[in-house]
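Participant: Okay, here's what each chain looks like letter by letter:
Protein chains: 2
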Amino acid sequence: MVVAQKNNVNTDRWPIAPAIKGLKSSILREILKTSSQPGVISFAGGLPAPELFPLDDIKVAMDEAMRKYGGDTVQYSLTLGIPMLRRILAERAAEKGTPTKVDNIIVTAGGQQALELIGRTFVTPGQYVLCEYPTYVGALQVFNAYQARYAAVEMDHDGMIIDDVEEKIKKYRPTAIYTVSNFQNPTGITLSLERRHALIELALRYEIPIIDDNPYGDIRFAGESLPTLKSIGGDAVIAVRTFSKVLAPGFRVGWLNAPKDIIPYFEKAKQAIDLHTNTLNQYIIHEYLVAGKLEPHIEKLKADYSVKRDLMIRTLDEFFPDGCTWTHPEGGLFLWVELPKHVSAKELLPQAIEKKVAYVYGEPFFPDGSGDNTMRLNFSNATHENIVEGIKRLGQLFSEHI
Amino acid sequence: MVVAQKNNVNTDRWPIAPAIKGLKSSILREILKTSSQPGVISFAGGLPAPELFPLDDIKVAMDEAMRKYGGDTVQYSLTLGIPMLRRILAERAAEKGTPTKVDNIIVTAGGQQALELIGRTFVTPGQYVLCEYPTYVGALQVFNAYQARYAAVEMDHDGMIIDDVEEKIKKYRPTAIYTVSNFQNPTGITLSLERRHALIELALRYEIPIIDDNPYGDIRFAGESLPTLKSIGGDAVIAVRTFSKVLAPGFRVGWLNAPKDIIPYFEKAKQAIDLHTNTLNQYIIHEYLVAGKLEPHIEKLKADYSVKRDLMIRTLDEFFPDGCTWTHPEGGLFLWVELPKHVSAKELLPQAIEKKVAYVYGEPFFPDGSGDNTMRLNFSNATHENIVEGIKRLGQLFSEHI
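From first to last, the protein sequence lines are chains R and Y. When the first sequence is numbered by the numbering used here, its final residue is 416 and no position is left out of the sequence of numbers. When the second sequence is numbered by the numbering used here, its final residue is 416 and no position is left out of the sequence of numbers.
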């Protein structure tokens, strides 16, 4: 009988699936690690402002959940989500103009897992996903794992250019249209009302589902409110929603609002992935919603982020050199900077980190790895003081290289 | 401009990936739905006894977590898990005889997601997974989604028959050896010490990882404690662990203990699947562990389940007809019944449900869909009274068909 040689196993000889072996680790999460070093002013994350978490109300919801539901809060539950949370999510969607029944809802482990369920359900190797150019890096990570290709559509200040959408649909016959239609991550751009209608018309004509990834839609602090793609398009649209940006991301609770015939596919996929979303946080969020706490909280977020956005834009105006442009988002957490073509945001990041400021360069958001002169700035997470100081330092750095 | 026809979308025309379209919904979860009807005595689930959840201590841990860590408990966190939980999991493993460092640990959304990460990392379509016959249905669901085939190994009362393991390794060159070595789900069988060594020897010789799915190992209430495969095999073994059976499944917190060179693959896979496991429950469990509450709780579980197992076996002795056999597990939650060959546990289930008793028939646990005359009985979740009454009813039913 052999005593195993504990430290003499050559795991290099183990058969790792090529798809996972080739998969790049999220550059974004690597940058986040660096930028969380002490003393670094970070515009890199997509984190809500931690000082705004409604901890007292969360605590009340938690206590209520334990008191009312006891052991149910920590027992196994249904793959689709706890019935009372699905019900209130459906009701709230209906109240806001999207006719929704409980059967349209599946609770997920955040928006990221909602995307995973979509990737597993719709993407087979080599198929095209139509998306914005640039697009959300977390979606690319999912679709890459399912070996998608991309039909990436140019944007202007009103979102995807519809002629280009139709051209790419005809050329690539994509399996899905993926969009972040409100205050897009990374650019902050919002799809105009006219284009919403036009996009839905194309989706209906070509029988392709629209995936509307909408984590930021409720955080509008300027301009006119627009109906969601889901409220206009009904069953033509699958809405990806989450509590991460409007309440707290650590709960990992999101949901999909989808045609009821599609929900069983997501359910099957989720059974294998994690059986169900953690029960306790579903109850906590249910109690928080029932107490009517979310809307006033979102108003606070809007007020806070609005001031931070204005401050960041004013500071960019003052300190960024000529030849740089940036978006003016009417909501959300991010704005997008384009440096002059010859300046590489990626190459300059280490120098920025030396100056104790971090951002995310644009490259990972482009399916083709372009966008070398672009960067994403988060304005929700930093203090006013740090916004001014950080943007000033970046302005100095870029001025030296233009 | 078109107003979308909200209820006129033909989702049948949407391109669903064949792998998800063909995937069967978990039969087990369907049976659980039926068996949770009021008045039904259920031996179907794998649920811990809810009256044993340590709710007061969980509440204390929750309050402590919020008090000490505030907003961190609901903020984004690292894909690998919160550092303090990984640290204590590594320390506890080391204390119990498995040298482990923080780098060996990734926190997962329960054992099910740990299996998902393993499926994604090791299984490519058409490859073989070596497993027990029968094996855990949740693992089959994962591996099926990655289009695995199975090299299923016969068991006796000491677990997998080692000669058959080697033969099947030679024949099928499996990508991994999957085992539930302690109080197996579904059979309750435990791999003997001698075979643990032999299995590791084979894994080392043929350079195949052993996946030891070990949710029940700590719940031994009879017989002699055995060293885990991981403690014997070190880096030859990836241990799948979870708090679901020893604390509460609704937290969806499990972990993998794996060679440090393999952890980055799991991390990449998890990034795409859900970014990270929910933060709050990781903190709660950390506080619960630090307070030293888990071990005494497990002692309570053992005492309770031991009595229930004994009672179920005594009642089986009394009421089940000749020609039926069952296992005598020394721990865990399940025992396994074989009816005479010509009796179908699947066909009789509706009649059992009519008599208000539910079980899980064996078929879904067999990769080849055999095992028609077998069934799994859970003894942890029912009351003493219901164990006696339920087994009596089943005994009557089967007596009529033998």
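Hints may be right or wrong, so weigh each one.
Put simply, identical chains are the same to the list, so a pair is met inside one copy or across any two.
[To be verified] Derived DMTMM-like pairs (lysine to aspartate or glutamate); straight-line CA-CA distance at most 20 Å: (1) Lys314 x Glu368; (2) Lys82 x Glu215; (3) Lys47 x Asp71; (4) Lys406 x Asp71; (5) Lys360 x Asp172; (6) Lys47 x Asp86; (7) Lys406 x Glu361.
Keep in mind that the hints were calculated from the coordinates and are not lab data.
Participant: Which numbered conditions among the earlier hints are violated in the structure presented, ordered from lowest to highest?
Facilitator: 1, 2, 3, 4 and 5
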